[in-house]
Amino acid sequence: MIRLAKLCALALAAIVFVATGATDTGRLPADQLAKAVRSDSISIPTPGELFAALGKSEKTNWSGQYRGPMPVTYRNRAQIALNLGGLIADGFIAVQAKDSQQVKNIGSDIIKLAKALGVSEHLLSRGKSINEFADNNEWDTLQEELEATQNEVKSSMQSHADQDLVILVTLGGWIRGTQVVTAAIMQNYDERSAKVLRQPALVRFMQSKINEVSPELRQEPLVKDVSEQLNGIEKAVSFPAGKTLAVDDVRKVNEAVTKVMTEIESKELPK
Amino acid sequence: MKRWLPIFLSILVLAASVAVRAETDAEVRARKDALDVAGAFSNDGFKIRDGHWCGVLKPHEHALVAVNLYAGNQYWFSTASAEPAKIAVSVYDESGKQVTTESYNNGEKAAAGFSPANSGQYLVSVDLVEGDGGSFCLVYSYK
Numbered sequence: 285m286i287r288l289a290k291l292c293a294l295a296l297a298a299i300v301f302v303a304t305g306a307t308d309t310g311r312l313p314a315d316q317l318a319k320a321v322r323s324d325s326i327s328i329p330t331p332g333e334l335f336a337a338l339g340k341s342e343k344t345n346w347s348g349q350y351r352g353p354m355p356v357t358y359r360n361r362a363q364i365a366l367n368l369g370g371l372i373a374d375g376f377i378a379v380q381a382k383d384s385q386q387v388k389n390i391g392s393d394i395i396k397l398a399k400a401l402g403v404s405e406h407l408l409s410r411g412k413s414i415n416e417f418a419d420n421n422e423w424d425t426l427q428e429e430l431e432a433t434q435n436e437v438k439s440s441m442q443s444h445a446d447q448d449l450v451i452l453v454t455l456g457g458w459i460r461g462t463q464v465v466t467a468a469i470m471q472n473y474d475e476r477s478a479k480v481l482r483q484p485a486l487v488r489f490m491q492s493k494i495n496e497v498s499p500e501l502r503q504e505p506l507v508k509d510v511s512e513q514l515n516g517i518e519k520a521v522s523f524p525a526g527k528t529l530a531v532d533d534v535r536k537v538n539e540a541v542t543k544v545m546t547e548i549e550s551k552e553l554p555k
Numbered sequence: 002m003k004r005w006l007p008i009f010l011s012i013l014v015l016a017a018s019v020a021v022r023a024e025t026d027a028e029v030r031a032r033k034d035a036l037d038v039a040g041a042f043s044n045d046g047f048k049i050r051d052g053h054w055c056g057v058l059k060p061h062e063h064a065l066v067a068v069n070l071y072a073g074n075q076y077w078f079s080t081a082s083a084e085p086a087k088i089a090v091s092v093y094d095e096s097g098k099q100v101t102t103e104s105y106n107n108g109e110k111a112a113a114g115f116s117p118a119n120s121g122q123y124l125v126s127v128d129l130v131e132g133d134g135g136s137f138c139l140v141y142s143y144k
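Chains as they are written, first to last, in the working numbering: chain A, 285 to 555; chain B, 2 to 144.
Simulated from the structure, these hints should not be mistaken for lab results. Hints may be right or wrong, so weigh each one.
No more than 27 Å apart at the CA atoms, straight line, and that leaves these computed lysine-lysine pairs for DSSO-like [claimed, not checked]:
| id | chain 1 | residue 1 | chain 2 | residue 2 |
| --- | --- | --- | --- | --- |
| 1 | B | Lys144 | A | Lys527 |
| 2 | A | Lys543 | A | Lys508 |
| 3 | B | Lys110 | B | Lys144 |
| 4 | B | Lys144 | A | Lys388 |
| 5 | B | Lys144 | A | Lys343 |
| 6 | A | Lys388 | A | Lys399 |
| 7 | B | Lys98 | A | Lys412 |
| 8 | A | Lys396 | A | Lys551 |
| 9 | B | Lys144 | A | Lys382 |
| 10 | A | Lys508 | A | Lys551 |
| 11 | B | Lys59 | B | Lys33 |
| 12 | A | Lys519 | B | Lys110 |
Now the stretches of chain B that chain A is said to cover, found in silico as 3 or more residues with beta-carbon under 8 Å [unchecked claim]:
| id | segment |
| --- | --- |
| 13 | 58-70 |
| 14 | 117-127 |
Selected chain A positions facing chain B (Cβ under 10 Å, derived; list incomplete) [claimed, not checked]:
| id | residue |
| --- | --- |
| 15 | Asp324 |
| 16 | Glu431 |
| 17 | Ser477 |
Glycine included, each C-beta is placed from N, C-alpha and C at the ideal position.
Bound-form chain A, shown alone (with noise of 0.2 Å):
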């Protein structure tokens, strides 16, 4: 009875290290770490995920963070691609703040810069979804349906050899989720939040992407300079593990991101 108890006890405590995942602690080679796929689609986190990390620290004012409507007839293509990835952080923020009829607002404006670009046929019925899911007030499906939107953008330039925007639809999103965070972190600063703010490793893969792109796209003036910007972006948000950002140093990213964020937006190109 007592072998049987033992075994029975044995084998509950193997369910437990399984179920609890009770790992030995490694350490992975460096070669190895070097080795790592970094795609787009997973190693790039979405405007969502950020506000997500964000609104659990601190309460934020989303609605305070929304923009003017901006201009839906830009001509040049890369300009058109980073305006469409701010737009969509607009969307992310606009699902944040609970508010229907700015991302109803927004949908249809992702739309027109997607018809510019000629990659909205299969996003028409994703506006028709994102408008009767902010009618009904689904926050959770509409800002699955705002990821969905922006990765069928991405995957609609790549079927018209277009892959080259694709980066830029990211780094577009990236910009001003960083613009708006940075804004709501300087508002009501606390050391957690701004905790968010570290992310060295995705600026320096951002930058690599735009490195990988046609050199008649990096010697565009808006590529080249939001290119050569993001290397001082990529200093302001390498700081160590375990430390943060004081709120000066937000205040600079603040300031860089918006410098970008103006120009990306500005009709007068820079020369």
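Given chain A's structure and the hints, the job is docking chain B onto it.
Same frame as chain A, now just chain B:
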């Protein structure tokens, strides 16, 4: 002959690019199973990210992908293998040190969950514990 060569090469390049991009049936199956695992965490408020990573697992090799995570969020990484196998998921920080995770293991399905203390890059490893390998897919969810 010279006229046909560029046309032939264009077709070859096009076919190759389609082959590289297209997901195999096995990967689609694995993705569906990985989404099933992730679906279980949705009941706890986790949102499934609309992105995935599929590949091929080989014996004595692990598949490693870099992700960028935010302190304050909780994450679950869910994976499934298309072929009968025993797989596991583990997570490492940017220095390569393994982080402690909650785990779920059920043969060809596995998941690891944790809350990062620091924002930044983490590496998710999918390991073949038993079996001959084959296609797998990884998705992740957050809240």
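Within 27 Å, alpha carbon to alpha carbon, are A/Lys396 and A/Lys551? Given that 27 Å is the threshold and the Cα spacing comes to 17 Å, the pair holds.
- prompt: Keeping to a limit of 27 Å between CA atoms, is the pair of B/Lys110 and B/Lys144 held or broken?
  reply: holds (21 Å)
- Message: Can you confirm whether the C-alpha distance between B/Lys144 and A/Lys527 stays at or below 27 Å?
- Response: holds (23 Å)
- Message: For a C-alpha distance cap of 27 Å, please report whether A/Lys388 and A/Lys399 respect it.
- Response: holds (17 Å)
Does the closest beta carbon of chain B sit nearer than 10 Å to the beta carbon of A/Glu431? With a closest approach of 4 Å, the A/Glu431 hint holds.
Given the hinted pair A/Lys508 and A/Lys551, is their Cα-Cα distance within 27 Å?
Within the cut-off at roughly 17 Å; holds.
- Task: With a cut-off of 27 Å on the C-alpha distance, tell me whether B/Lys59 and B/Lys33 pass.
- Result: Given that 27 Å is the threshold and the Cα spacing comes to 21 Å, the pair holds.
Hint A/Ser477 vs chain B: min CB-CB distance below 10 Å?
holds (8 Å)
Q. Do the alpha carbons of B/Lys98 and A/Lys412 lie within 27 Å of each other, as the hint requires?
A. Roughly 46 Å separates the two Cα atoms, so the pair is violated.
**Study point:** Straight-line alpha-carbon gap B/Lys144 to A/Lys343, limit 27 Å
**Key:** Roughly 16 Å between the alpha carbons, so the hint for B/Lys144 and A/Lys343 holds.
| said: Next pair to validate is B/Lys144 with A/Lys388; report whether the Cα-Cα distance is within 27 Å. | reply: holds (24 Å)
Pair hint outcome, A/Lys519 versus B/Lys110 [Cα-Cα no greater than 27 Å]:
Distance of about 39 Å is beyond 27 Å: violated.
The structure is inconsistent with the numbered hints 7, 12, although it conforms to all the rest.
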